[in-house]
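S.K.: The opening position of the sequence shown corresponds to residue 1195 in our numbering, with each subsequent residue numbered one higher.
Since the hints were made in silico from the structure, they are not lab data.
Among the clues, some could well be false.
Claimed, not checked - The list that follows gives simulated cross-link-like pairs (lysine-lysine, DSS-like), each with its CA atoms no further than 30 angstroms apart:
id, residue 1, residue 2
1, K1236, K1279
2, K1257, K1268
3, K1257, K1236
4, K1291, K1236
All of these numbers come straight from a predicted model, not from anything done at the bench.
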Amino acid sequence: VQLQAFGGGLVQAGGSLRLSCAASGSTFSINAINWYRQAPGKQRELVAAFSSDGSTNFADSVKGRFSISRDNAKNTVYLQINDLKPEDTAVYYCIAKVGLVWSSWGQGTQVTVSS
């Protein structure tokens, strides 16, 4: 399974973005997709988790502002980010779980929030 995250950009605080995570390959075998972000000088952190049964979980720092949806026909999972804050500035990555194995990290997408 290969993943590609895109949809980032430069936005003002309070704005919104929708990030996309497009999967290719054996997408039928995906059990979960997680979204991570990495800010400059910081460790990569898990911000959102999506399971194939439709359940979601979010980091406390983003609860109420982030949401996840999917389009099965497009093999795409979306991360909707509302009320963006400067501390949301980071490179966002998605990663998939196939069976018990997580896919490799793909190229992330940069989100920059100006105050």
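S.K.: Does each hint hold? Answer for all of them.
M.R.: Each hint, compared with the structure:
1. K1236 to K1279: Distance ~17 angstroms between K1236 and K1279 Cα, so the pair holds.
2. K1257 to K1268: 26 angstroms, holds
3. K1257 to K1236: 20 angstroms, holds
4. K1291 to K1236: Distance ~24 angstroms between K1291 and K1236 Cα, so the pair holds.
In terms of the numbered hints stated before, the structure departs from none.
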